[in-house]
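The residues making up each chain are set out below.
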Amino acid sequence: MSKSIKETVIEIIAEQAVLEPSDVTLQSTLEDVGIDSMGLVECIFSIEEAFDIQVPFNANSPDQSEFDISSVAAIIAAVEKLVADQST
Amino acid sequence: MNRVVITGQGSINALGHSAEATIEAMREGRCGIGALELRDVDRLSIKIGGQVRGYDPEAEFNRQQIALYDRFTQFTLLAAREAIRQSGLSFSGELATLSGVVLGTAGGGVNTWDENYRTVYEDGKNRVHPFVVPKLMNNAAASHVSMEYNLKGPSFTVATACASSNHAMGQAFNMIRSGMAKVMIAGGSESMLCFGGIKAWEGLRVMSRDACRPFSANRNGMVQGEGAAVFVFENYEMAKARGADILAEVVGFAMTSDAADIVMPSKQGAARAISGAMKDAKINADDVGYINAHGTGTAANDKTECAAVADVFGHHANNLMMSSTKSMHGHLIGGTGAVELLACVMALKDGVIAPTIGYEEPDPECALDVVPNEAREAKVDVVLSNAFAFGGLNAVLALKRAP
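Residue numbers (numbering that gives the first Met the number 0), protein chains in the order written: chain A, 0 to 87; chain B, 0 to 402.
One or more hints might be untrue.
Stated by the list, open to error - Straight-line alpha carbon distances no greater than 20 Å define the calculated SDA-like cross-link-like pairs of lysine to any residue that follow:
#1 B:K399 <-> B:A284
#2 B:K266 <-> A:Q53
#3 B:K198 <-> A:V40
#4 A:K5 <-> A:S60
#5 B:K198 <-> A:L39
#6 B:K302 <-> A:A16
#7 B:K198 <-> A:E48
#8 B:K198 <-> A:A16
#9 A:K5 <-> A:Q53
#10 B:K302 <-> A:K2
#11 B:K198 <-> A:E41
#12 B:K302 <-> A:P61
#13 B:K198 <-> A:S86
#14 B:K46 <-> A:P55
#15 B:K302 <-> A:D35
#16 B:K46 <-> A:S86
#17 B:K302 <-> A:D31
#18 B:K198 <-> A:E47
#19 B:K378 <-> B:N317
#20 B:K266 <-> A:K2
#21 B:K198 <-> A:F44
#22 B:K198 <-> A:D62
#23 B:K198 <-> A:Q63
#24 B:K46 <-> A:Q53
#25 B:K46 <-> A:I52
#26 B:K198 <-> A:M37
#27 B:K302 <-> B:L367
#28 B:K46 <-> A:D35
#29 B:K46 <-> A:S64
#30 B:K198 <-> A:K5
#31 A:K5 <-> A:A16
#32 B:K198 <-> A:Q53
#33 B:K302 <-> A:S36
#34 B:K198 <-> A:V17
#35 B:K302 <-> A:N57
#36 B:K302 <-> A:L81
#37 A:K2 <-> A:F50
#38 B:K266 <-> B:K198
#39 B:K266 <-> A:D35
Hints are computed from structural coordinates only; laboratory data are not their basis.
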């Protein structure tokens with residue numbers, strides 16, 4: 000079986016943060032792992048490429064986007080939802 | 000030091016096909032932004048822009064010219080024709096050797112790149128038109144203006160992203176001021192509204208899908224525009240001697256670098272450019288009545304710009320007006336400062352301040368008089384025009400009413 004969404008998202012975040020995936024916890028925020036606004040835009044691009052989805056995200060109002068980026072767990076949940084929505 | 004005045008202006012952009020039409024639209028607070036009409040627009044997530052509409056290249060240029068003129072060059076030549084015609088100048092003999100052209104563009108012939116990449120990559124062809132290189136090069140527009148009007152002095156192109164036009168006009172100003180040139184054709188042009196040009200901007204996630212609302216609390220990004228504006232900068236003594244109609248005087252210029260981040264703006268870098276332009280112009284902060292803002296409509300620019308203005312002007316920040324005409328014509332990237340200088344000339348010459356349209360909700364972080372939604376009559380003596388580029392390169396011009 001291929002990697003889970005959770006594993007892939009954590010790998011993407013870890014790579015952007017130049018960390019080992021084991022250093023990225025579900026409770027981590029992007030700030031905790033040292034990802035700034037440009038790093039975030041790159042993460043979202045990688046996520047879109049990995050799952051072939053469109054992530055609704057506007058860098059002008061990251062807090063108001065439908066896509067929750069408040070923690071690693073929130074990002075994984077949001078990606079799982081987008082992937083599920085796409086397959087229905 | 001020589002004084003420098005503006006004796007001609009021309010433009011084509013989403014608001015109109017001339018400087019006059021543009022100024023009239025700004026006065027009316029009209030919006031030139033609408034649904035994009037271009038190839039493969041269905042594959043874009045951003046579908047709005049400030050496109051030049053109702054424009055037929057074949058009505059302006061012959062087939063041989065079109066083979067050599069990218070859209071950004073066409074816009075430049077149309078704006079230059081209007082400006083030079085208004086100035087009443089013709090260039091021959093010694094004046095030709097003392098006259099040049101300096102223009103800003105960020106991308107140059109983006110449509111030419113786009114079309115020809117499509118030809119070789121998508122269509123799989125192995126041959127492109129012989130003039131692709133002279134058509135796409137960033138200096139093509141400046142070169143064609145020099146050729147068309149016999150300008151044999153210093154000419155070049157400046158590329159500093161969103162500040163290109165202001166940097167270009169600043170160079171033109173200093174070249175006349177120092178005596179290096181008598182007349183400089185200056186301004187800028189951009190034509191990035193093609194599939195590749197918009198796709199690249201989409202990637203940054205800073206574009207609005209509905210409107211450009213600078214300084215409004217509900218702003219959600221920038222909107223691209225296209226077009227050109229060109230001015231005739233002239234030695235004041237020469238303009239006076241020949242009885243030219245003077246539109247405004249250029250009195251100061253400053254450029255600074257943030258030396259910080261490739262996309263995030265810096266309050267300090269912007270503030271140093273604003274105060275530098277006033278120092279260069281030997282004017283006091285209290286003299287400034289209007290600032291044409293960079294005002295892109297992004298979260299980051301607008302609050303940083305307002306903070307910089309508040310820092311530089313102190314209490315006077317509450318008395319001056321600052322508007323962003325990008326709300327009407329969109330962000331012309333390398334051409335934007337030139338189109339925005341039209342609003343500065345209008346403020347000085349006609350006593351009309353262009354509005355920031357699309358303004359819906361006050362933002363405490365942008366608590367200045369942004370001339371919301373409707374133009375205002377006001378007599379101003381000194382105006383500034385801000386441009387702050389990606390890469391942290393800032394350029395601010397100071398203008399006064401015609402002497």
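Hints versus structure:
The straight-line distance between the Cα atoms of B:K399 and B:A284 is roughly 13 Å, inside the 20 Å bound, and the hint therefore holds. Under the criterion of a C-alpha separation no larger than 20 Å, the hint pairing B:K266 with A:Q53 is inconsistent with the structure, at around 33 Å. The suggested pairing of B:K198 with A:V40 holds, with an alpha-carbon distance near 15 Å, which does not exceed 20 Å. A hinted pair counts as satisfied when its Cα atoms are at most 20 Å apart, and A:K5 with A:S60 does not qualify at roughly 25 Å.
Restraint check for B:K198 and A:L39: the C-alpha separation of about 19 Å stays at or below 20 Å, so the hint holds. Simply put, B:K302 and A:A16 have alpha-carbon atoms about 28 Å apart, too far for the 20 Å limit, and the pair is violated. A distance of roughly 15 Å separates the Cα atoms of B:K198 and A:E48; the hinted pair therefore holds under the 20 Å criterion. For the hint linking B:K198 to A:A16, the alpha-carbon distance of about 26 Å lies beyond 20 Å, and the restraint is violated.
Proposed proximity of A:K5 and A:Q53 is supported: the alpha carbons are some 17 Å apart, at most 20 Å. Taken as a hint, the B:K302 and A:K2 pair is broken in the structure, with Cα atoms around 42 Å apart against an allowance of 20 Å. Taken as a hint, the B:K198 and A:E41 pair is honoured in the structure, with Cα atoms around 15 Å apart against an allowance of 20 Å. Between B:K302 and A:P61, the direct Cα distance comes to roughly 16 Å. Compliance with the 20 Å bound is thereby established for this hinted pair.
A threshold of 20 Å between alpha carbons decides the hint, and for B:K198 with A:S86 the separation of about 26 Å lies outside it, so the pair is violated. For a cut-off of 20 Å, the pair hint linking B:K46 to A:P55 stands: about 15 Å separates their Cα positions. Between B:K302 and A:D35 the CA atoms are separated by roughly 19 Å; this keeps the pair inside 20 Å, and the hint holds. Restraint check for B:K46 and A:S86: the C-alpha separation of about 26 Å exceeds 20 Å, so the hint is violated.
With a CA separation close to 25 Å, the supplied pair B:K302 and A:D31 exceeds the 20 Å bound. Between B:K198 and A:E47 the CA atoms are separated by roughly 15 Å; this keeps the pair inside 20 Å, and the hint holds. For the proposed pair B:K378 and B:N317, the alpha carbon gap of about 17 Å is at most 20 Å, so the pair holds. For the hint linking B:K266 to A:K2, the alpha-carbon distance of about 44 Å lies beyond 20 Å, and the restraint is violated.
Between B:K198 and A:F44, the direct Cα distance comes to roughly 13 Å. Compliance with the 20 Å bound is thereby established for this hinted pair. Restraint check for B:K198 and A:D62: not satisfied, since their Cα atoms lie roughly 24 Å apart, outside the 20 Å limit. Pair hint B:K198 plus A:Q63 does not hold up; C-alpha atoms about 23 Å apart against a cutoff of 20 Å. The straight-line distance between the Cα atoms of B:K46 and A:Q53 is roughly 16 Å, inside the 20 Å bound, and the hint therefore holds.
Taking the CA atoms of B:K46 and A:I52, the gap is near 19 Å; set against the 20 Å cutoff, the hint holds. Of the pairs offered as hints, the one joining B:K198 and A:M37 holds, with about 17 Å between alpha carbons and a cut-off of 20 Å not exceeded. The hinted pair formed by B:K302 and B:L367 meets the criterion: a straight-line CA distance of about 11 Å does not exceed 20 Å. For the given pair, B:K46 sits about 28 Å from A:D35 by alpha-carbon distance, which is inconsistent with the 20 Å threshold.
A C-alpha spacing of about 19 Å is found between B:K46 and A:S64, which places the hinted pair at or below 20 Å, so the restraint holds. Between the alpha carbons of B:K198 and A:K5 the distance comes to roughly 29 Å, so the proposed pair goes past 20 Å and is violated. Distance check on the hinted pair: A:K5 and A:A16 sit about 16 Å apart at the alpha-carbon level, within 20 Å; holds. Simply put, B:K198 and A:Q53 have alpha-carbon atoms about 14 Å apart, close enough for the 20 Å limit, and the pair holds.
Between B:K302 and A:S36 the alpha-carbon distance is near 16 Å, which keeps this suggested pair within the 20 Å criterion. At most 20 Å may separate the alpha-carbon atoms for a hinted pair to count; B:K198 and A:V17 exceed this at roughly 28 Å. With a CA separation close to 17 Å, the supplied pair B:K302 and A:N57 stays within the 20 Å bound. Under the criterion of a C-alpha separation no larger than 20 Å, the hint pairing B:K302 with A:L81 is inconsistent with the structure, at around 32 Å.
For the hint linking A:K2 to A:F50, the alpha-carbon distance of about 12 Å falls within 20 Å, and the restraint holds. Only pairs whose Cα atoms come within 20 Å are accepted, and B:K266 paired with B:K198 is rejected, the gap being roughly 29 Å. Annotation: proposed proximity of B:K266 to A:D35 holds, straight-line Cα distance about 19 Å (limit 20 Å).
Violated hints, in rising order: 2, 4, 6, 8, 10, 13, 16, 17, 20, 22, 23, 28, 30, 34, 36 and 38; the structure is consistent with all others.
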